[in-house]
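Student: Chains as they are written, first to last, in our numbering: chain L, 1 to 546; chain B, 1001 to 1055.
Simulated from the structure, these hints should not be mistaken for laboratory data.
From a predicted model like this one, the values you see are computed outputs, not experimental measurements.
Beta carbons are placed, not taken as given, at the ideal position from N, Cα and C, and that holds for glycine.
Some hints could be false.
Said to hold, decoys possible - Distance ranges between label pairs, derived from CB positions:
| # | chain 1 | residue 1 | chain 2 | residue 2 | range |
| --- | --- | --- | --- | --- | --- |
| 1 | L | 20 | B | 1013 | 47 to 57 Å |
| 2 | B | 1007 | L | 212 | 42 to 52 Å |
| 3 | L | 185 | B | 1021 | 29 to 39 Å |
What the hints assert, rightly or not - Not close to chain B: a few residues of chain L, all C-beta gaps over 10 Å, as computed:
| # | residue |
| --- | --- |
| 4 | 69 |
| 5 | 70 |
| 6 | 110 |
| 7 | 155 |
| 8 | 252 |
| 9 | 298 |
| 10 | 389 |
| 11 | 492 |
What the hints assert, rightly or not - Counterexamples of contact, computed for chain B against chain L with all Cβ distances above 12 Å:
| # | residue |
| --- | --- |
| 12 | 1001 |
| 13 | 1002 |
| 14 | 1005 |
| 15 | 1009 |
| 16 | 1012 |
| 17 | 1013 |
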Amino acid sequence: MAITATLTLSERRIGIGLSISLALLGLVMAAAARQGPMAVHGAIALALGLGLVFVLGGALYDHPEPGPGRLGRYYDAPTRFGIVMTLIWAVIGMSVGVWVAALMYWPEATPLWPATSFGRLRPVHTTGVIFGFGGNALIATSFWVLQRTARARLADAVSPWGVLIGFNLFVVWAVTGYLMGSTQSKEYAEPEWYADLWLVVVWGAYFVLYIRTLARRAEPHIYVANWYYLSFILVVAMLHIVNNLALPVSWTGAESFPIWSGVQDAMVQWWYGHNAVAFFLTTGFLGMLYYFLPVRAQRPIWSYRLSILSFWGIVFFYMWVGSHHLHYTALPYWVQTLGMTFSVMLLVPSWASAGNAIATLNGAWHRVRDDATLRFMFVAAVFYGLSTFEGSFLAIRPVNSLSHYTDWTVGHVHSGTLGWVAMIIFGAIYSIVPRLSGRADMAWPKAVEWHFWLAVAGTLIYVVSLWNAGITQGLMWRAYDQNGALSYSFIQSVEAMLPYYAARTLGGALFLSGAILCALNCRATMRRAGSISDAADRPLVAQPAE
Amino acid sequence: MTHETLVLIAKIVGPLWMGGFLLIVLIRAYNPRRRAEQERIARSILPEGDAEERA
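Okay, chain L solo, but in the shape it has when bound:
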């Protein structure tokens, strides 16, 4: 069903008004900047705004307005769009990841074109997978979970589109900026100042939509998954604003300087950086886990009260752990120790969540065996437990002295992102897409099984090879001969990495092929859906007319 058909005439007009505003904003940016990344980004916004005007305006009177009956159904068209964007970004982000992994042992393959250099492509990979793949999955599933746990339709039909389209414009600005060599040089916060301001607007709209829908809920309680999603929305806003406070060099250029300097800048950056792991890559996905795992296993969460306790534990402890990224630096020693201590304490609520999820499956192991979708969620919970243990361990100062700056860190991150985050996303996607398409199952059920094993094999190969790589590097860098000189030159430690880098590329390629299979499977399933765009499942409690 066309998106326009899900909107009333007045909503279509509001949409056209917003699209015109976006086009004008783009025009002003492009005209003011004249050249460079800001001008290109202005042109992208202008093209998107004009494109949306044509899509909405061209079909303004084509489709009959949806009747008042729509208010008695969930609004799932934005979720469907969000899942499509999730899969597109998965393929883009993971493909670039596999390519840059290959460049690690095959650097001669870098084309003589600056946009394709490792330094520019690497953030395309990280932004593509974290924000493009992860962010779209979070937004899409949050709309789904929010409506079903609140038994209420999204508060309005325009702002979900504003959030999704606005967020994707941010990601497009980010990755195209990197290709042009534009970056704030803050890891995971690379986009320039105007993109950051844009995200604040989008995120504010997301927060307001979430709260307005919650306020309309027909259930007396707020199910715990919503707490996790809300903490994700709220804290990411806080982190994003504080870490990106910057003074632009001029209003017509992309360059800016952070207001923080020196060690404060490092501290704020890693307060942001690790809380991006916490509140972007953990709490929202725990929201996903707490909803989709019980629903798929058809069993209530093992201990609801434990989920509350671990929520507050995670929220409170995570906030303090960022300084473990700055062991053995100019940061005051006590701040490093504080980060280390909270990192170790964090293991308790993290394992409480992982254990709660796994204990929920007790009595449903036959479903885990037979249902690859539920198995994705089970593996996600296992890897969540594994990577949070590893994270606490790596934060301990003497362990960090071996692991820091090595590929062990990269292995740890991928154990979390591939094994935990991506697995729970795929579990959620395989739960939602058939329902969105009015089917009992995916179009190709066997492909889900294939995807599962490709993903598990890819993750294991990747993580195990980088564990070996990192520990080898750490040991080679600290090996001394009898005279007290280093036993190995740096280049020898690089050469020793080649087999591991080859293996990690293979692991990444397996994971990517699973994701491509997932995208094709979702496409086939959605195509067979016909005109259904709203899932008919748990009944919504009717809302009073607006």
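With the hints as your guide, set chain B onto chain L.
Tutor: Below, chain B without anything else, positioned relative to chain L:
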């Protein structure tokens, strides 16, 4: 205020704040009177009649 005084205040207030908050969450989450309500909430996301009894 001297640096030492500030550190002393931080060392006293910090653990009290964290410990106090933990206590409040513990009491609220583990209050036996909330058990039935929590059980209902945990089951509220499952399709009616679909949920299995816990083993």
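Student: Indicate, hint by hint, whether the structure satisfies it.
Tutor: Hint check:
Here the CB-CB span from residue 20 of chain L to residue 1013 of chain B is close to 52 Å, well matched to the stated 47 to 57 Å. Between residue 1007 of chain B and residue 212 of chain L the beta carbons are some 44 Å apart, a value that agrees with the proposed interval 42 to 52 Å. Between residue 185 of chain L and residue 1021 of chain B, the C-beta spacing of about 36 Å keeps the proposed range 29 to 39 Å intact. With a cut of 10 Å on Cβ distances, residue 69 of chain L stays outside the contact zone with chain B, its closest approach being about 22 Å.
Remark: the non-interface label on residue 70 of chain L is consistent with the geometry, its nearest Cβ contact in chain B lying 22 Å away (cut-off 10 Å). Once the 10 Å rule is applied to beta carbons, residue 110 of chain L is consistent with being away from chain B; the minimum gap is 49 Å. For residue 155 of chain L, the condition that its CB be more than 10 Å from all CB atoms of chain B holds, with the nearest at approximately 20 Å. Every Cβ of chain B is farther than 10 Å from the Cβ of residue 252 of chain L; the closest lies at roughly 44 Å, confirming the non-interface assignment.
In this structure residue 298 of chain L is not separated from chain B by more than 10 Å, as the shortest Cβ-Cβ distance comes to only about 6 Å. Every CB of chain B lies more than 10 Å from the CB of residue 389 of chain L, the least distance being 22 Å, so the non-interface label holds. Every C-beta of chain B lies more than 10 Å from that of residue 492 of chain L, the closest at about 46 Å, which supports listing it as non-interface. Residue-level check passed: residue 1001 of chain B sits 18 Å from the nearest beta carbon of chain L, beyond 12 Å.
With 12 Å as the threshold on Cβ separation, the claim that residue 1002 of chain B sits away from chain L holds: the shortest Cβ distance comes to roughly 16 Å. A cut-off of 12 Å between C-beta atoms confirms that residue 1005 of chain B is not in contact with chain L; the least separation is 16 Å. Every CB of chain L is more than 12 Å from the CB of residue 1009 of chain B (nearest about 15 Å), matching its label as outside the interface. No Cβ of chain L approaches the Cβ of residue 1012 of chain B within 12 Å, the least distance being about 16 Å, so the stated non-interface status holds.
The claim that residue 1013 of chain B is not at the interface with chain L holds, since no C-beta of that chain comes within 12 Å of its own (minimum 14 Å).
Of the numbered hints listed earlier, the single one contradicted by the structure is hint 9.
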